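Given the structure of chain G, go ahead and fit chains L, W, P, S, C, B and U onto it with the hints provided.
Here the protein sequences line up with chains G, L, W, P, S, C, B and U, keeping their order.
Per this note's numbering, the very first residue in the first sequence carries number 1; after that it's consecutive.
Per this note's numbering, the very first residue in the second sequence carries number 1001; after that it's consecutive.
Per this note's numbering, the very first residue in the third sequence carries number 2001; after that it's consecutive.
Per this note's numbering, the very first residue in the fourth sequence carries number 3001; after that it's consecutive.
Per this note's numbering, the very first residue in the fifth sequence carries number 4001; after that it's consecutive.
Per this note's numbering, the very first residue in the sixth sequence carries number 5001; after that it's consecutive.
Per this note's numbering, the very first residue in the seventh sequence carries number 6001; after that it's consecutive.
Per this note's numbering, the very first residue in the eighth sequence carries number 7001; after that it's consecutive.
Derived from the structure by calculation, the hints contain no laboratory data.
Any given hint might turn out to be false.
[What the hints assert, rightly or not] Quick partial rundown of chain W residues pointing at chain L, CB under 7 Å, derived from the structure: (1) Glu2090; (2) Thr2151; (3) Glu2182; (4) Val2193; (5) Ala2194; (6) Val2197.
[Unchecked claim] Among the chain S residues that face chain W by a calculated CB cut under 8 Å, a handful are: (7) Arg4028; (8) Leu4046; (9) Gly4047; (10) Ile4084; (11) Val4173; (12) His4175; (13) Tyr4177; (14) Thr4185; (15) Phe4188; (16) Val4193; (17) Lys4196.
Computed from a prediction, not measured in an experiment: that's the story for all the values here.
Virtual Cβ for every residue (Gly too), placed ideally from N, Cα, C.
Below are the chains, spelled out letter by letter.
8 protein chains.
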Amino acid sequence: YTFEKVNSEISRREDWALRRQKELPNNRRLFVLTCMDERVPIEKALGVQVGDAHIYRNAGGVVTDDVIRSAALSCNFFGSHEIIVVTHTECGMMSHFFHTDPDMILKYLEFHLGRKIDPATVPLDPSLPELELKGDLYNSFVKWIRMFDDTDKACLAQVELLRNHPLIRKDVVIHGYVYEVESGTLRFPYHRVADKVDTAEEMFAKGVWSNR
Amino acid sequence: YTFEKVNSEISRREDWALRRQKELPNNRRLFVLTCMDERVPIEKALGVQVGDAHIYRNAGGVVTDDVIRSAALSCNFFGSHEIIVVTHTECGMMSHFFHTDPDMILKYLEFHLGRKIDPATVPLDPSLPELELKGDLYNSFVKWIRMFDDTDKACLAQVELLRNHPLIRKDVVIHGYVYEVESGTLRFPYHRVADKVDTAEEMFAKGVWSNR
Amino acid sequence: YTFEKVNSEISRREDWALRRQKELPNNRRLFVLTCMDERVPIEKALGVQVGDAHIYRNAGGVVTDDVIRSAALSCNFFGSHEIIVVTHTECGMMSHFFHTDPDMILKYLEFHLGRKIDPATVPLDPSLPELELKGDLYNSFVKWIRMFDDTDKACLAQVELLRNHPLIRKDVVIHGYVYEVESGTLRFPYHRVADKVDTAEEMFAKGVWSNR
Amino acid sequence: YTFEKVNSEISRREDWALRRQKELPNNRRLFVLTCMDERVPIEKALGVQVGDAHIYRNAGGVVTDDVIRSAALSCNFFGSHEIIVVTHTECGMMSHFFHTDPDMILKYLEFHLGRKIDPATVPLDPSLPELELKGDLYNSFVKWIRMFDDTDKACLAQVELLRNHPLIRKDVVIHGYVYEVESGTLRFPYHRVADKVDTAEEMFAKGVWSNR
Amino acid sequence: YTFEKVNSEISRREDWALRRQKELPNNRRLFVLTCMDERVPIEKALGVQVGDAHIYRNAGGVVTDDVIRSAALSCNFFGSHEIIVVTHTECGMMSHFFHTDPDMILKYLEFHLGRKIDPATVPLDPSLPELELKGDLYNSFVKWIRMFDDTDKACLAQVELLRNHPLIRKDVVIHGYVYEVESGTLRFPYHRVADKVDTAEEMFAKGVWSNR
Amino acid sequence: YTFEKVNSEISRREDWALRRQKELPNNRRLFVLTCMDERVPIEKALGVQVGDAHIYRNAGGVVTDDVIRSAALSCNFFGSHEIIVVTHTECGMMSHFFHTDPDMILKYLEFHLGRKIDPATVPLDPSLPELELKGDLYNSFVKWIRMFDDTDKACLAQVELLRNHPLIRKDVVIHGYVYEVESGTLRFPYHRVADKVDTAEEMFAKGVWSNR
Amino acid sequence: YTFEKVNSEISRREDWALRRQKELPNNRRLFVLTCMDERVPIEKALGVQVGDAHIYRNAGGVVTDDVIRSAALSCNFFGSHEIIVVTHTECGMMSHFFHTDPDMILKYLEFHLGRKIDPATVPLDPSLPELELKGDLYNSFVKWIRMFDDTDKACLAQVELLRNHPLIRKDVVIHGYVYEVESGTLRFPYHRVADKVDTAEEMFAKGVWSNR
Amino acid sequence: YTFEKVNSEISRREDWALRRQKELPNNRRLFVLTCMDERVPIEKALGVQVGDAHIYRNAGGVVTDDVIRSAALSCNFFGSHEIIVVTHTECGMMSHFFHTDPDMILKYLEFHLGRKIDPATVPLDPSLPELELKGDLYNSFVKWIRMFDDTDKACLAQVELLRNHPLIRKDVVIHGYVYEVESGTLRFPYHRVADKVDTAEEMFAKGVWSNR
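With the rest of the complex left out, here is chain G (with noise of 0.2 Å):
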């Protein structure tokens, strides 16, 4: 009969619209951080179709408070089991100018607002007034913006700290890459291909044949 496919159908449809309610984990059971630039296809790169993830995106690709609490959401209300975290290549985060010289980026920031910043009250969170940065305001300030210095070494960090964090059970699995803007494609951290093959020297240090 053709009404037990329609019923079927409908059925199929409501289990997507519903499944926070039904408490229905994504396909995959995985959660994902990576950075909001608009040179990661986080999808494509790591074969994830609509329904497969939780993707967390900021600045970055980060651990902050946002991450933890989203990510304890999803691996313990919502059923993930696995975290993919995603740094990339050319990350804005990333400046030996502001880490130099921290006090420049007040500066820099004062400069496109077009007006002065008090760390001391620029509400970090506007809906939730209660978090504060305490200790050295201006230096926790800085902090506060996460810049880093090395996309494979913040990629390790992260995991770490996903590891470490008292709200993510010890169950979870959890993996770093390096997403390469130049190349559109992913790489474990600190094993860049392209450091391997331009020179004879390069290749004979960190191929296959330096073991022989």
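Relative to chain G, chains L, W, P, S, C, B and U alone:
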């Protein structure tokens, strides 16, 4: 000459790979805030492509300090001049259960984690210990989870929080939409087409004929 | 031999062209009743192809004497053993306006026609003058227009009318659905997914969690 | 700005979903009357798409009171200004058998139903008991089944019935075609190409050369 | 090894190019006789591809001495064991005009040629002067044009001529079909589906119901 | 109005089906003579479509009385004003064997037929007994088989035969080509590219450099 | 887990990028020698893909010291065990002109260069001055240009040169083909299909029938 | 007329097949020098098609006497006016191993060949015995293998060798690129994008911000 075409292609690729160093904005100068939910194909819903927008996603698509940080960077350093907020229906952040009975939240987390949680010792952000909740720690922690009641109300609220934040310039254009997972389309908040079409009463009350 | 393949193809085509003479039923032995509305792609919604079903369409998708006649022929002479009724949202037959103020209907018709209508002289069916309305002619004429209030209620009512009619065999299987023009999908009557997903209240009241 | 494109798309979808409330006609302002037969792909035959036309289908594609009701609503309330009638070859409504021997119809129906039928007690329209056959009930009931002799004649007859009905405005344009299930194409009534091509006689009698 | 694949491909191509020298038959061992008419896509109608069949086409698709020659070569030297004859509707060879008034044919030819024709001096076959018409030269010449009356009759007649010819072996299988240019399909001779579907009379006379 | 589009489509189809009665020529006003060989995709080789040309095919693609008849009808009655002759390489009509030893042909035919052939009693054309061979019957019969020596020579010869025949008007444009089954392309007769490319000698003798 | 699929994809890409360091051979273990001519799509002709073969191309596709060097590396260091040589028709290296009149070559080069050439001072290989011609310098220089007479002979000759060279192992399988630019296909040397198909003589002399 | 289109197509094909005899250059008047490596899809990398360029490939993509010969013919006789050199990363010609320890090369070759090699008796070019190495034969033989150290340096060096050679006209335009097998794209020599994107240090040192 063929080399001219080759040079041009190499330059085009380098511009893509060095966008941040060359201070090139994303194609649409757009920052998007939405939920990490696996059923929200945000690029398709907005009609944007890889390269077009910075896409921030967290649990709920709600404003947090991480959103403020990321949006401030996108709009001040990276050239964005538009923000779009998209919440969605059947979001996992809507729960009457926790709302009416807030202390259930810790119990439920503890149930899934398999151990006790002490809000006083949980590091909100493991890489930024300077970030703390103040006041009634238990209630602040529950607020920090950021459950909400109504996705349309939540959408409008996030837009307001961004419009009024001192780190977002006033000339940034900000709009909010609700993505319906049940129909796979966007709506204006509180303009639910499905409410206007099932009965004569609804058609009379909300439609065009009622104005005659 | 090639002629065998040619003969087989000619026979297949003849079976198609002489289906009624050879007393072959439609492929799914299905009779469908739905509205004539231009937004209802009934074949796609039910997943049926050319050749699969008898498709009856009128204003509203409601049972009339013509429906009884057509369904009786389909199920008794032409071999159908299943009926599916599909009404739809935002149907032009739903109008509070005419409902509360029934004499407006003739006035409105007269306005569009540009002349007076006298129910006593209008031939209901110009090829069958034996067909007449009896009783209070004015009210019967308004009833004959068949406005309705609620598309889900209308759907269920048509199913009942067909289930109980003496010209439809009891072993014909009958189901009803509502097609949502706003989402482009079918639903079970009164099972509107869009009602369960916008607020925590709705999710609590109707979803799965409410049962715990 | 991206929000402009998004708004425009939301509006376009709302116009579709609220067509009747906004009193928008179908795209071609067209009402089609055709048979419910599974071999008539009426949209393809006329070259119309979803959204283009109100499509009325019943057993035979013949004018009934339900057709008058639906066409009157389409042309007066919903803006249609054209009617196309399509009957088809090898229609199940053509039967010499019942025609020459009319009382066989009840016997045949009784045979399939497995019980006696009494025209006096069968509700023609179960939701509108005011609708009745008058005069010689037995013959009227047979007429109500609406068998016919000749599909080309039937097509022309339905066009005339609609042209002359007082509820259809005189400025509505009405045409009729016959759909050939054996060739999958439309023809003008009585202009059967297949009649002009098999013998020299036919070519002489009907073609162009005969005029020299 | 790659050379094995290359050798195999070269051999396959040589087999194609040297089919006659290698005495390979066509793929289906089929000889087809049909008309040269531009509306007869003979390969598509029979479902044959390049390489499948010898295809003889002339004015009318009728048996001539050239057909006998070609079919005898195909079936005796080139391995064919099946013949299919296809005439078609609306063939230019059907003309009541010339048929009833045979001397018009020369006049008409002379009109188009712009000069007189003398059957006695026209070389029937300019490369084979030994080929001659005998008897009443004028009437023989008209017969040689090979007009015919009825495409179904002509089809059956050609099949018989081939079946009985001494140069065609008796184990060659021969069938005939009529291609309908009006419907784009083949039929068995005199089995015109279009004759059985327009009226109740036709359906009664020729269909299945008539046998009950 | 939709009916205008429908009418136009019906007319277009009728023009196709009644081309001969309406005295419409084929699209390119072209008559093609080619071989029945299964490896000659004549439409593709000439770039013509269904509807474009009258296509005559026999064993060899050589002029016979049937060709004269068909070409005279195409050019005089059916409006063609161009003839293209295409012979092909590796044609089954080329055989040194029969040519040098002509009485082998009857023996070979007899071998395949399994019985004796008497040229005096074989009906050349079973439907036209008036057609006879005269003179030395045995040699005429062998000539009637129409073996040839050289496909390029044969091509040019057929063009001449057609150019000089009194039933073909002088303003008909006639060209000849050879189809190469080994390369799948056409050539001008005797302009074989493959002859000019294998050795320095050939390149010198036939190419462009030889003229310097 | 998703990370497993990601790891596997990264490894696959690394294997590709580090093939030489990991001492992986090409996919087919194949070395190809062919001409640099723009009309030779060597990959398509051999049915090989990117990754399948080492492809050496020079003027003529002839063996030089560079070919010996490259083939020796491919077969000894990089794992190839098959060599395919492909010369082609209409090669620019075939010229009767220079061949019969060898001193024209320097004059012609001088004409294009616009200055005198002294074979004694031209560095044959600017990066390897140790490489020299000895003996009659003028004639050696002309030989070094490597014009040839016949592409089939040249093909076979190159195969022999490679088969007998001491730097190529004896278990390397070597074949030669000629690519026909006029037909776009490969042939075995001296097996030109085009030579066997144009006349009865050719078919008799070279085909299959000649053997009976 | 159709014959005009056919003639034009035959001429177009003949121009292709007789390019060298008609002294037509390749489409882009381009000579390419690149490596024989199976991972270098040179046509795709440069955006050239069949017919566009002379493509020289050897082990390494380095200048040899064969390159000089081929380039001189392409640019002087065959009309090329542009040269592009493409070396690639992870080339098998880069080997620290052989470089630092040159006598290993003969040992390694001997190991694979399974026998001793005597540079004094190995014919460098078996068809041109006049070609010899002079001076220190052992070292010259090692140089002749042409290992190199650095693919970017090698690329620039080959461009210089070609620019300065007396057999290449000065108006030939010459450029060099490095193909990255790890990213599948071309780069300018020493302009490796992958070097500028992994750390803040790199972004500062090489990017655009460093110039402010």
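Violations among the numbered hints, reported as their numbers in ascending order | none
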